[in-house]
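Here the protein sequences come in this chain order: Z and W.
Per my numbering, residue 1 is the first one in the first sequence, and the count goes up by one each step.
Per my numbering, residue 1001 is the first one in the second sequence, and the count goes up by one each step.
Since the hints were derived computationally from the structure, they do not count as laboratory data.
Don't take every hint at face value.
As the list claims (entries may be wrong) - Cβ-Cβ distance ranges computed for the label pairs, FRET-style:
#1 Z:S111 to W:D1125: 47 to 53 Å
#2 Z:E20 to W:F1150: 48 to 54 Å
#3 Z:D27 to W:Q1172: 40 to 46 Å
#4 W:Q1172 to Z:V112: 41 to 47 Å
#5 Z:S111 to W:Q1172: 27 to 33 Å
#6 Z:D219 to W:Y1124: 51 to 57 Å
#7 W:G1097 to Z:P320: 54 to 60 Å
#8 W:F1150 to Z:K55: 48 to 54 Å
#9 Z:P320 to W:A1187: 43 to 49 Å
Ideal Cβ placement from N, Cα and C applies to all residues, glycine included.
The residues making up each chain are set out below.
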Amino acid sequence: MRRLIFLVAALVFVSPARAELVTYEADGSDPQTLVIYSSTDTERMVHLVDAFQRKHPDVRIDYHLLDTLDIYRRTSSEMDGGKTTADLLLSSAMDLQIKLVNDGYAAVHSSVETETLPDWANWRNQAFGFTYEPAVMIYNRALVPQLADVTTRFGLAQSLTFDVGYLRNRIVTYDPERSGLGYLFGTHDAIQSEDFWYLARSLGDMRVGLETSSATMIDKVASGEALIAYNVLGSYARARVRENPDLAITIPSDYCLVMSRIAMITRTARNPQAAGLFIDFLLSREGQKLIANTASLYSLRDDIQGEATAANLRQAAQGPLIPIHLGPGLLVYLDKIKRREFLARWRRAMARE
Amino acid sequence: MTPRAPHTWSIRRRVLGWLFAGMGLVFAANLITSYYGNREAADSAYDRLLLASASAIAERTAVREEGVWVDIPYAALNMLASTAQDRVFYAVSAPDGQVITGYEDLPLPPEPGHRRGLPNPFFYDVVYRGASVRVVSLRTFVIGSNLSGFATIRVAQTRGEREALALSLLNQSAIWTLVIAISGGFAAWVGISLGLRPLDRLREALGRRSPDDVRPVLHDVPREFKPLVGAVNGMLMRIDNGLSAMRRFISDASHQLKTPLAGLQVQTEMALREKDPDTILDSLDKINTSVRRTSRLATQLLSHARAAEPSGGFVDLDLSRISREAVSAMTPQALARDIDLGFEGVDSAPLRGDATLLGEMIVNLIDNALRYTPKGAVVTLRVDQNETTTITVDDDGPGIPAEKREMVFERFVRLQESETEGCGLGLAIVQEIAAGHGARVTMEDAPSGGLRVRIAFPEPVASGVSPFPSPQSSPSGKGR
């Protein structure tokens, strides 16, 4: 059922920017096209797209895989210039998606499926969270089983402070300067507690490795190059832990940040009906089951059973789960002075000896 | 108030109709003003939140080496996350007006019309990015080694939540308005039913009456129905007057005519028994005199009965002309008694009244004077009109002593048993008709030594006002 027809472009730059177009042809005789800009890999999305097209065979999907910042820039500049743009945006950059909504680039969509969302996952009926992905720690339990005892940020910082040397250069985390998700997690850690800066200084002392993707961090922990990764997307980690018994996940017990991928329909969408159908499918029981079981993205709905579900995560977590709420608060760290100040402080923490 | 169409209309429906029309207008006006009031209330409530957000930012605004610096607190924007999920915009400007962070194109407040500048903080409404937004502009003093002045913090919020609050308040007042309207209507319905209940009792009471029961209605009725009951009572009174006049005529006629008719019967029987032609002739002469007197009595009885019940046909007439005609008509009778009957006074005296009755009254006045003055006397009728209209009749006869003057207006009273044909009804008729016109009859001494009868009319009455005597002043007795 995979209707992966062609790969238009794989722009290779020095920057990690990527741009691919995958077209999923429609079976129907009178196809309409749904244009999606997304930051989620096609491997994770293909089962969802297949299932969606089985329900709506006349919808052809142009799936543009873009970086989150590109999704933001391209959509806003295309709409400002009066050009055609995507019908649907799926992005993990919650702050940028909220900024698009706040600045008036989104269309309203409401249905029985959007009604099922908790308040924090629906802003203005324009931005909809459709996954529930915790930021976790992953460590190599074959090499350092004692890291199972480290379940809090304070504990991690203390381990780093009193470390006898084996963790130096063998810990990785997101680089908030180069990764939007890393910035989102870092800033929300900073909102939660000043302990974050103690942790940041400790990480800087231990010469933390700064990465731009969860996959790379997990790879390094799996290979033993690193022993522990902090703030890894639980959805990516879970899939790898299943394959590799050396790896173990720690859900922080002081608190666990949870991010959502956000779907929104553009205000100038040429096919808002199909975009609405796609959102409704993502939020439906069927779509959420696929998100939990085949995409490993953790479903958001409470009425879905299984391992990668919000309900299961709540049971497994020992501390509070803190979902990042959709709303104007997310605009704060997009403020350019705020961003400059945060990164300056982060750099100072990293530069310590 | 006359229904043009033959449909039956209801007081209740009318009152409720007007009530609802009036209440509808008042309530519509109330809703409109309360919408604007609610908007203001919603604004003042949410403006405080907006100001709190701007103040939180102002607190974190300072001057650093590189210029004005601001650290937007997370709570500053997050506190604006409301249930209506309004969009939020902000901008921070350095003292030179340059936007250092935030939305650079967020509209500035309007230029102040006076030199003192805008109040601080200042709230205003603009349209931004396709939405109507509420903005607060807060100036805060910043100072550093190289720079000092007022930085401006603007925080804006779309109006969604405010409108939602204003509308929900409006909804509440609309619901209350409806409750008041419905309960008001219900109360009016009940109130009208209760208010009309005395009318039902009145209808029952009137329905129970016998056909000839014309007593005035004495039921306690609401003030609004007093005029109606008064009019009904007036009508009953007139009916009663008519009935009494008729009864009086019947009783007077049976009583007064019985004697002369019995006398006539005796005289004719006596004449029939006579054989002597001279005696028969003499008897016939007496019979003739009796018949004439009886005939006159009958006429006057009728006239009196009629005077007691004015026909109601009041017209504009000339009292002077009527008087002259009456004098002319009575002249032969005066000549027969060798009395000098004369007319004096104005040429024209306009008045509203019943011409026939007034003529009758004057004829009776003259007749009375002629009848009770000796041969060769002088009788003068005079009509004057200046502010009021008066008729005076003077004679130079014997006059009436002051203490007996009241008596002569009684029916069938004659002061001296004379051979004249008077039956004692003349002045009673005069009194009756004068009263019917609201006039007063008085007697006094004439300058020539005889009697003066004066009839003084009230000031000319306005048309439309009933000139009938009120029931209390009717001389002919009360209702039973």
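Against the structure, the hints come out as follows:
1. Checked against the hint of 47 to 53 Å, the pair Z:S111 and W:D1125 fails, with Cβ atoms roughly 33 Å apart.
2. For the pair Z:E20 and W:F1150, the beta carbons lie near 51 Å from each other, so the given range of 48 to 54 Å is met.
3. Distance hint for Z:D27 and W:Q1172: a CB-CB separation of about 54 Å, inconsistent with the stated range 40 to 46 Å.
4. At roughly 29 Å, the beta carbons of W:Q1172 and Z:V112 sit outside the given window of 41 to 47 Å.
5. Evaluation of the 27 to 33 Å hint for Z:S111 and W:Q1172 yields a pass: the beta carbon distance comes to about 30 Å.
6. A hinted range of 51 to 57 Å for the beta carbons of Z:D219 and W:Y1124 is consistent with their spacing of about 55 Å.
7. Taking the beta carbon of each, W:G1097 and Z:P320 are about 45 Å apart, not inside 54 to 60 Å as hinted.
8. Here the CB-CB span from W:F1150 to Z:K55 is close to 59 Å, at odds with the stated 48 to 54 Å.
9. Separation of Z:P320 from W:A1187 is about 58 Å and departs from the stated range, judged on CB atoms against 43 to 49 Å.
Hints 1, 3, 4, 7, 8 and 9, counting from the list given before, are not met by this structure.
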